[in-house]
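Visitor: Below, each chain spelled out in residue letters.
Protein chains: 2
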Amino acid sequence: MMSAQHNYCYSSITSKALFPCCSIQSYNPNSRFPSNICVLYSSVVGVHGVYATSRKNKKKKEGFKVEAAVSLGEHEVEKLLDTVKWDDKGLAVAIAQNVDTGAILMQGFANREALATTISTRKATFYSRSRSSLWIKGETSMNFINVHDVYLDCDRDSIIYLGKPDGPTCHTGMETCYYTSLNALLPDSKVEQNKLATTTLYSLESTITQRKLEVAETENEKPSWTKRLLLDNSLLCSKIREEADELCRTLEENEDKSRAASEMADVLYHALVLLAVKDVKVEDVFQVLRQRFSKSGIEEKSSRKST
Amino acid sequence: MMSAQHNYCYSSITSKALFPCCSIQSYNPNSRFPSNICVLYSSVVGVHGVYATSRKNKKKKEGFKVEAAVSLGEHEVEKLLDTVKWDDKGLAVAIAQNVDTGAILMQGFANREALATTISTRKATFYSRSRSSLWIKGETSMNFINVHDVYLDCDRDSIIYLGKPDGPTCHTGMETCYYTSLNALLPDSKVEQNKLATTTLYSLESTITQRKLEVAETENEKPSWTKRLLLDNSLLCSKIREEADELCRTLEENEDKSRAASEMADVLYHALVLLAVKDVKVEDVFQVLRQRFSKSGIEEKSSRKST
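Top to bottom, those sequences are chains Z and P. The first sequence: position 290 = 290 (UniProt numbering), numbered continuously. The second sequence: position 261 = 261 (UniProt numbering), numbered continuously.
Same shape as in the complex, but just chain Z:
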């Protein structure tokens, strides 16, 4: 591997095998690559070294400097790239997925170089078929997708980039590129346009948020249960404590599994209303959980000490 200066680095080297490079914390919006990453290409693999740089002096806007090199060797990266079954055009489908919510952010194609760049830079990178060139998602919008892990399917011709987006993924400003339900395209459809493809928990979150917006408009009508909870903190908190208690009693009183699932659903629903009142997104909660329970987190540390 390449040598590098180690003058100052304000981001720590991660312990992950695949992504040992520095985490990247700032960018130069005028450069094609994030200004604190300097990618060196090999003729075979695409990328075989990535330098992370940081400001020598945080007060100075200029003066970036090469700081640390990644430890993943050319041979190792090549071996990974050989694992993929590239199609006759040298491509594989690459799907970017939000590591916290599970939302499918976008889908593109990757060639060897794109996957190599993703591995090295931790930024989801694709091959643009229309422009016949590499495309780091976020290189113009700054909305990078920070890849935590890469998965192959059983046929090894389909890739998931599991990561965290810096902002909306779609060029339209939508959170993901999937906001067109076929239902909405039918004539006389009552399904709203621009409805994101959301899974159960986020559909519920979205419904509750909608009710919160409607609360002001329906002053003279009998409010729905969700609206009543949104308007009455005391009722909401008493329900949360009650449902948590009922969840516990499914264990204490040895109730059946379906009862436990149902009580947990009650806890979740009422807690989601509280989060809506507090203007906290479920995604933020999962981010807290991930940071706590990821391999470098509390759970891992405490299990290492004791088991």
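In case anyone wonders, no lab produced these hints; they're calculated from the structure. No residue lacks a Cβ here, since even glycine has one placed at the ideal position from N, Cα and C. Keep in mind that the hints are not guaranteed to be accurate.
[As the list claims (entries may be wrong)] If we take Cβ atoms under 7 Å as the criterion, some of the chain Z residues that face chain P in the derived model are:
1. D149
2. L162
3. C170
4. A261
5. K278
Guided by the hints, dock chain P onto chain Z, whose structure is given.
Guide: Quick look at chain P alone, frame taken from chain Z:
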């Protein structure tokens, strides 16, 4: 639309615009199509009518009968299919995603016929490029993916089948086809093989389940916090009640957003341990939520009454 006999139908017509056909509840494993679906092809669109059949007499194994026809017209389906930007081979990427967990189940390709069949049968259907034929996922394994909604991306060349799988999606018996982390392929990797691509909540669930399996093995060692909770129902329930109370206090005492997210993370973590003790999966809880809060559910009904 076609006419059909309406002698007896044990599944109700759904109200969804895109999927107005009967929900399907039983299959004949020897037929290419589920035995209670009879698909009629049009030369242009692929499918323009689907008949759902049911047993006239539940005690008889044979004697299926045409029961009800779907109401989606040929013109409407064609219009939907025209919306998709098919590539030069007439294909688009189709990704099947679990509507409750967000897990990406598999990725294939769809042509007009495959998408038409998906719309009509509610079973995720692909075009097999190797066999040059239509392929209803589950036609041999019976592990169908029951599609609830279909989404297109901003370019309209990528499709999500959002649905609920009847069983494991992968032909290997794994829950999804994405169980190969690139990390696991590195030499000297400590990442386990066959580790499903899971998002935050399910990674945590999986860790807790793992701790539950280890509990018996580590009798003489000081257990981790998770193991202590798994072993002590009284401690676990007191923690759940305490954390629910602390979540409420973030509202009652007007604490900041990050505190609410953190307390909610505590509630979730401890509740996940209880679910593990009760052998209940998070996915089951979300299924309860979906059934309760989907458009035909309580929330919708109560909001229709009151707003």
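Visitor: Now tell me, hint by hint, if it's right for this structure.
Guide: To see whether the hints hold, each was checked on the structure:
1. D149: Check passed: Cβ of D149/Z comes within 6 Å of chain P, closer than 7 Å.
2. L162: With Cβ-Cβ at 6 Å, under 7 Å, it holds.
3. C170: Result: holds, 5 Å to nearest chain P Cβ.
4. A261: holds, 5 Å
5. K278: holds, 4 Å
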